[in-house]
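Peer 1: Residue numbers (this note's numbering), protein chains in the order written: chain B, 1 to 310; chain X, 1 to 280; chain Z, 1 to 202.
Heads up, a few of these hints could be off.
To be verified - If you only want the chain Z side, here are some residues facing chain X, beta carbon under 10 Å, derived:
| # | residue |
| --- | --- |
| 1 | S50 |
| 2 | G70 |
| 3 | L76 |
| 4 | H88 |
| 5 | I100 |
| 6 | P103 |
| 7 | R135 |
What the hints assert, rightly or not - Computed footprint of chain B on chain Z, listed as stretches where at least three residues anywhere in the stretch have a Cβ under 8 Å from a Cβ of chain B:
| # | stretch |
| --- | --- |
| 8 | 17–29 |
| 9 | 141–154 |
| 10 | 157–170 |
| 11 | 180–186 |
In case anyone wonders, no lab produced these hints; they're calculated from the structure. Think of the CB as a built atom: it goes at the ideal place given N, C-alpha and C, for glycine as much as any other residue.
What follows is each chain in one-letter form.
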Amino acid sequence: MLKVENFSVSFSYNSSQLSKKQVSAITSLDIEVKAGEIMAVVGQSGAGKSLLAHAILGILPRNAHTAGKIYFKGRSLTAQRIKKIRGKEIALIPQSINYLNPLLKVGTQVARAARLSGLKNRDEAKQAAHSALARYLLDDSVAKYYPFQLSGGMARRILTATATVGMADLLLADEPTNGLDALAAEEALGHLRELADTGKAVLLITHDIESVLKITDRVSVFYDGITLEVANTSDFTGKLCLRHPYTTALWAALPTNSFTSPPSQATTPSNGKTGGCPYHLHCAKHGPDCADELPRMQELRDGLVRCHNA
Amino acid sequence: MFVQLYRIHLNRRSRTLVTVISCLALFAAVFLGAWLYGENGEITNLQLRKLPPSWEQPFGTDWLGRDMFARTLKGLRISLMIGLSAATASAIIALILGLAAATLGKAVDTAVTWLIDVAIATPHLILLILIAFACGGGAKGVIIAVAASHWPVLTRIIRAEVLQLRSSAFIHLSAKLGRGPLWIAWHHMLPHLLPQFVIGLLLMFPHAILHAAALTFLGFGMSPHTPAIGVLLAESMRYLSMGLWWLAVAPGLTLIISVQAFDILGNSLRVLLDPKTCRE
Amino acid sequence: MLECRGITFSYDKNHKKLFQDIDLKINPGEIVGMPGPSGQGKSTLAKVLSGYLQPQVGTVLVDGSPLPAGKNPVQLIFQNPEHAVNPHWNVRKILNEGGIINPELSKNFGIQNFWLDRFPHELSGGELQRICLVRALCSNLRYLICDEITSMLDALTQAGIWHSLLQEIEKRQLGVLVISHDNALIARLCSRVVHFFEDTGK
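With the hints as extra help, turn the sequences into a complete structure.
Peer 2: What follows is the structure, given as structure tokens:
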């Protein structure tokens, strides 16, 4: 469905002396999502995860430069093509209700999303909005609410309804569990699973690896702008199944596991290009090559990993 | 081609800076030009009456043989001065009212909000004419009228900005870290308000200048002896049918260009002062 | 000891009470956990305890006396650090707002020198949260209220921040209230758990 190859995003900034500076936000990203599966992109905050969704939708700020390939349904996703199909074939489930218009009733906004996704007829759109809301157990009275009147869980359902009212085949979910308590989070993720089971492809972007493991098929681990590992959900069980030291550390750092943090908490300056593995400064296993050369993506135990020592 | 070069060689910040500097240079040129021409624009020369634009008289001459370029420069200077003083006075009113509404409690806030609504609900030009007429016309009347009618929008912005600042977490937190109200006002509030204020002021100039010209054009402003742009335009009306198009076109265009320059200046400063866009 | 007695709070008189008659004591050096789902008033209680909001009934006492109006020995750390800093300031100025920075402290929290000239929106959430913690710890702080301070962060960053913070809590014998919806995190950190709000579990 979606394939992203060696994709990078950089920004040109001006430092105070008016000189231009290139800051790379995503260095090398590889992702593949198939129809009917959920791919979770997991990484630290500030690793450039949200930029990925914005890049796919073609809504990056104007000082951003991209390189690499994005394929959607086998064809290259160009700037012109994404303009035509975003909202129709690719839909975003945004982070928060800040993405809704605060002055419009939510029912109207869902109907509007339906019309933008290609339903020309006003009544048809209304009908589609009605059934989308019903699908998420929201009765008609909710359609008359304004965004600020929604609780966290209800807002989630509205956002999901807005994205799925059309016929989108690929859904991008940006941090779907933020600000939700355990129950509401479980419900929101359950809805994503249902969508994937009906044959849609879901790209789930999150920092919360623990809660998404229950529903995702595969996990792509992203660190400092680089995809380090693509693992199957079943790898996150015991030890030794995970491929990259960063993934192992991330998994171990969960409070339910051993809550350990690596000895050095120094984060590398993301703009000071080292060229090597982005994790080598914190890595217990790092060898001489790690600082100089970015490892190539290699297949390992039915997954992918970028590590010299894997 | 030229535009392309401009795009490639300069990034957004430098482009904005160049724009700001060119706008400032334009205004400097107007004032300098008006000063250099001195009395020239007032001299009548009946041999050179009604000449269309040429190399010697780029804006042509009028029915008394006066050089229109010199008159336009002087007119523009007068209009700019009046616009600037009116807009500054108006911005100061807005600052005081906006701060008062946001800090002095509910009664003051209600009163100020009501005043804003009244001022916005009154038809603009009628309000201007009434005040200018009541003040007896002339430069003073125009300044008072424009100052008294342009504050509501900026007042609203300042009030909203201060209210929002007063409820933001980092302001409360600053107090909990032991900072006094004056320190917070100076270090937290001012840096937020100042750009809003300066930009509001800059974006008010074009309105003020245009309205000053409009008032004068309608005859409620300056006397015919002060050649403000409005006066020039009003006079040219009588000669338009005789084919003396340059009398209206040249001063009108310069007025539009200067007004546009202020607008661009204000918007460029907004880009430069916002930390989110200043490094783009 | 940070103590609150019989606290009742509602946002306006006609509104229903968010919580009623809450008693809580936090001793120096003690880490108390408060779990519960969102939207039930945990954050409001945190704001009452740190003096941001005044309760309708009841008092908050720190070492026997009411909370001071100015510099506060009880500091609240927010879930979203980007709201807790002035977006127009650079990081250096933000850090120095509470007092002189202790270089050893900022080293423990992994604060890098090149961050200092940046604006808040140029740092990640985890980096900014470290800045907020160091800023609070540089004042004459004795009690810390942590309202979901790592729930927006990944597990590794979360563990890193808490390990730095635990060292400091231990060294200075700070009293801490940890508010989180993550029961596993609370179990890791806290010596005592209070249940004021209905717990749905995770």
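Peer 1: Each of the hints needs a verdict: does it hold here or not?
Peer 2: Against the structure, the hints come out as follows:
no. : hint    : verdict
1   : S50     : holds, 7 Å
2   : G70     : holds, 5 Å
3   : L76     : holds, 7 Å
4   : H88     : holds, 5 Å
5   : I100    : violated, 12 Å
6   : P103    : violated, 19 Å
7   : R135    : holds, 7 Å
8   : 17–29   : violated (count 0)
9   : 141–154 : holds (count 3)
10  : 157–170 : holds (count 7)
11  : 180–186 : holds (count 4)
Hints 5, 6 and 8, counting from the list given before, are not met by this structure.
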